[in-house]
Amino acid sequence: TRVTVYGHASPETPHVGVVSFNIEGFASHEAASILDESFQIMARAGLHCAAGAHRWLGTLDQGGTIRFSLGPFTTPSEVDHAIASVRELAGSH
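Residue numbers for the sequence shown follow the numbering used here, so the first one is 4 and each next one is one higher.
The hints are simulated quantities; they were obtained by calculation from the structure and are not laboratory data. Only a predicted model underlies this, so the values are computations on that prediction, with no experimental measurement involved. Among these hints, one or two may not hold up.
Claimed, not checked - Derived Cβ-Cβ restraints for the label pairs, each shown as a range:
1) Ala54 x Ser80: 32 to 40 Å
2) Glu40 x Pro17: 31 to 39 Å
3) Gly94 x Gly55: 26 to 34 Å
4) Gly94 x His32: 17 to 25 Å
5) Gly74 x Ala53: 14 to 22 Å
6) Asp64 x Pro14: 24 to 32 Å
7) Arg90 x His18: 16 to 24 Å
8) Val6 x Met45: 12 to 20 Å
The C-beta atom is built at its ideal place from N, Cα and C for all residues, glycine as well.
I would like the entire structure built from these sequences, with the hints used as guidance.
So this is what it looks like as structure tokens:
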């Protein structure tokens, strides 16, 4: 798996508009910078003030995770662009 998404995968589990993930072969800050510079996608990278959670997830050594936050004005095409960009980045390394 080139992309690891953290959280419940079940559609029955309630979700919020936050997706936390890592791309194999990239530190979280590196991937977030590439997403910004090459794909014009703003993402937050790091420990997100939750070092203990990242220790439990095993992402502490990677510098945490990359996080997308979706809001009420995020469009389906923006979500599609983000997914396609992550796929492209994951396939490039």
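Hint check:
1. Ala54 and Ser80 have their C-beta atoms about 35 Å apart, which keeps the hinted 32 to 40 Å range intact.
2. Judged by the Cβ atoms, the range 31 to 39 Å given for Glu40 and Pro17 holds: they are separated by roughly 34 Å.
3. Checked against the hint of 26 to 34 Å, the C-beta distance between Gly94 and Gly55 comes to roughly 32 Å, which is consistent with it.
4. Here the CB-CB span from Gly94 to His32 is close to 20 Å, well matched to the stated 17 to 25 Å.
5. With their beta carbons about 21 Å apart, Gly74 and Ala53 fall inside the hinted range of 14 to 22 Å.
6. Between Asp64 and Pro14 the beta carbon distance is about 31 Å. The supplied range of 24 to 32 Å therefore holds.
7. Range check, Arg90 to His18: Cβ separation about 21 Å, and the 16 to 24 Å hint holds.
8. Roughly 18 Å separates the CB atoms of Val6 and Met45, a value that falls within the hinted 12 to 20 Å.
Every hint from the earlier list agrees with this structure, and none is contradicted.
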